[in-house]
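Peer 1: Chains as they are written, first to last, in my numbering: chain A, 220 to 551; chain B, 637 to 953; chain C, 1405 to 1703.
Honestly, the hints are just simulated from the structure, not real lab data. Only a predicted model underlies this, so the values are computations on that prediction, with no experimental measurement involved. Some hints could be false.
Unchecked claim - Using 25 Å as the maximum straight-line C-alpha spacing, the simulated DSS-like pairs for lysine-lysine come out as follows: (1) 419/A x 904/B; (2) 282/A x 305/A; (3) 1435/C x 739/B; (4) 716/B x 1600/C; (5) 652/B x 904/B; (6) 707/B x 1600/C.
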Amino acid sequence: MDKNNLVLDVKNLFVRYETEDGIVRAVNGLNLQIERGKAIGLVGETGAGKTTTALSLLRLIPKPPGVEECDKMVLDGLDMLSLSVKELEKVRGKDISMIFQDPMTALNPVFTVGDQIAESIFLHEEVTYAEARKRAIEMLEVVGIPGERANEYPHQFSGGMKQRVVIAIALACHPKLLIADEPTTALDVTIQAQVLELMKDLRKQYNTSLIMITHDLGIVAEICDEVAVMYSGNIVEKGTLEDVFNKTKHPYTEGLFNSLPNINDRKAMLTPIKGLMPDPTNIPVGCPFHPRCPYMDEDCKKPQWERAISDTHYVRCSAYDRPGFHIKRRER
Amino acid sequence: MSDTILEVKNLTKHFKTKRGMLHAVDGINFSVKRGQTLGLVGESGCGKTTVGRTLLRLIEPTSGEIIFEGKNITKISLNKLRHVRKDMQLIFQDPYSSLDPRKTVSQIISEPIIANKIFKSSEEIHARVAELMATVGLAARLFNTYPHELDGGRRQRIGIARALAMEPKFIVCDEPVSALDVSIQAQILNLLKELQAEFNLSYIFITHDLSVVNHFSDEIAVMYLGKIVEKAPAEQLFKNPLHPYTQALLSAIPIPELGVKKKRILLKGEITSPINPPEECRFKKRCVYAYDKCDKHPDLVEISPDHYISCHLVEKN
Amino acid sequence: MISEKWKYSPEELKEYKKRSMVKEVWRNYKKSPSAMMGLVILVVIVIMAIIAQVVYDYEDDIVQQDIMNRLQKPSAEYIFGTDQYGRNIFARILYGAKYSLAVGIVSVAISCFIGSTLGLIAGYYGGRLENIILRTCEIFVGIPSVLLGIAIMAAFGQSIVVLMLAIGLVYVPMFARTARAAVLPVRDQEYIEAAKVSGVSDFRIIFTHVLPNSMSPIIVQVTMGVANGILTASQLSFLGLGIPVPAPEWGAMLSSGREFIRDYSYLTFFPGLAIMITVLAFNLMGDGLRDALDPKLKQ
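Produce the entire structure from the sequences given, and follow the hints as far as they go.
Peer 2: Here it is, written out as structure tokens:
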């Protein structure tokens, strides 16, 4: 990893919510570094802390009840932790941008799509509104929607097209980092294919770095360069596609792959991971996965650390301290 | 006892809307064999959910016939239908809205038992509920909990226990795992498979997720805008998809494996409207192979044993 | 049919016995300080009303006029002062509680029962039935409540029973509307479909599924209904159609004290205060009950 070419550098991020029912520990000591122009898939199930991480990067965690602690959060040279609210408003939408899951509710129904795209441009760049409107139309064309439709309202568009509009808004100011939170989950599979192709093209065109939050490993394989697997608020395995898919190391990652129905082998019984992700108010000591892990032993209750497998690949699993240990899923 | 438990002939459901007649389901034909699973696949708007509801007459069909265990149940009275409903059940997609938030787990599961007077004494009812809970893997201590206290996977198990309460022979599973996390999906799918083996259940498995349906079905029917466009045994469909829509659908699934070189077939445009659809093939506007014959919607024909397709291209080659 | 291993012994069954609904609700209700305060206030009012029946004699203490003592300011002897006829306002307020409570509660019970049933049926079945019920309600809503009350009392005579009936009927449309609106989102929920598939009859569905899930707005409407009932009763009493003067009904006291409001404001202040506190108590209880009945609220 080229340390000089990082678009995002996060060290030791902790996010917790202090509520009446206990402290919800959503993110627990996350480290994340992304190179310029690369796409990383942030994979995990519900409750892993992916969305919380995204909101934290945008500095949108509500405080109270949220409490954040972070050693370092640098976005392309900008120290995000020290920015004032006004400065953050300038950064959001321009340097870092986000797409949410549900396109149906992400757009304001009383404004035309053209206006919504133009708003983003107008707020962040030194242009007249007319200029902004013109660029908005160009942006629509870029995402594959005829420019004449700029004066239409969101309800006149289908789900897939709404999501394209949302992408247009997010990319209108050419941000350095785009966070996409399950952008295609609500879409049909053929529309999802179209939107993913669009995102791939746009990334190449604008050299935008991407954090793709998803639970679908197939999407990650298609659109990302790297993968980070999250569990109970931390990244348990991170590496290139090759590292994580073919040289899988973490038992949870192995469990995820085993739960997937294999298109090529229909008759195989699925092997789900037994149990459930822990309640974030009551996370197990040491490795949060150990109660469900088939390879668990007493050392798993001790604090875990990032063990480097290679230059690009690391895993948080004390089992690899044991000589000769490896999970069943072997190199492919 | 015949091999076929359910047969559907020319099932049609139209809805009257302000803008015209909405053809949700248009002349569907299929059958399900005892102990087997028919997968009903398609994207939003294809009519698969309507088919599921219509089979149980939660929605009344506009025309066509539903024949369950040899008896035509399309027009029988609601009273007689109640008897049939003991044998046909439904598992819902949304584990949140399919359970009454004001009822406990045991109340939800015991409701069909009480409503149909299967057992009289509360002792027997309790015992049956406990048995069902154990069958679907719900811990006994959850007897008096409310749905909102439980996660999606457990809620879905409650729905399954409820469906099993009357010992049905046939269950329509309407996207039973779509709302669940991947590892929970696997748990529920395994459970459904075990139950099928143990009780010789027949399923119709409605879903948009092709990887799941492959794993789970014996036969698959692909739907588009109210019509079946291709129907074949599961293995056949995946090895040799013939209809352009099926091919596009299969190519669209992101594969969680590296090095799989796959040509992505992208469909043009968006799904057309099901309101007052024209005579032409419903898929024509998005199909790259469309030619003049496609001005009339093609019939569903059997081109090889058990493999049906509705496409004029079969005439070309 | 069921193997022996699933049959529980009576001791085991007791453990799994459904937690009594009433105890559950009470347990939740107790957790809210405002709800408890409402309950306490109401209990105090009821106790006072009972004491008043025992301690005071209607003829001597409540209606006996004493012109010599009229319009006395509140003092040690007359805690709330005396009205324009020299009557002890404090005694009248205590005694009058029974009228307001009775009329408020009974009339609301009538409107709630009839109105909610109509609304539930309208909302659940939809179509023609819904239309008929709604349009009929709209017709009645167009008639001012007091006029409708007058018409009913004129037709059926004047007595406390007819008064309760009249006010009850006047507010039926409000409950019907509220109940129907509450049913609409519930009717489309999948658990209703699930109940149909399970073979549950419509009647059971409405009363065991739809009603419990639409109860919240109806309960709130009940508390508002009590307030409305008390106020409408007072209007009618003022017009001579409600509880006949000289009975110390609060609303009537309020009305008759109006002409003295500038110099002898205590004539209206205390009855007004009494109405306000009673209505407040019902509102707090209503909110508390609604929250206590909801299993989803964090317990």
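Peer 1: Which of the listed hints are not met by the structure?
Peer 2: Hint 5 contradicted; others consistent.
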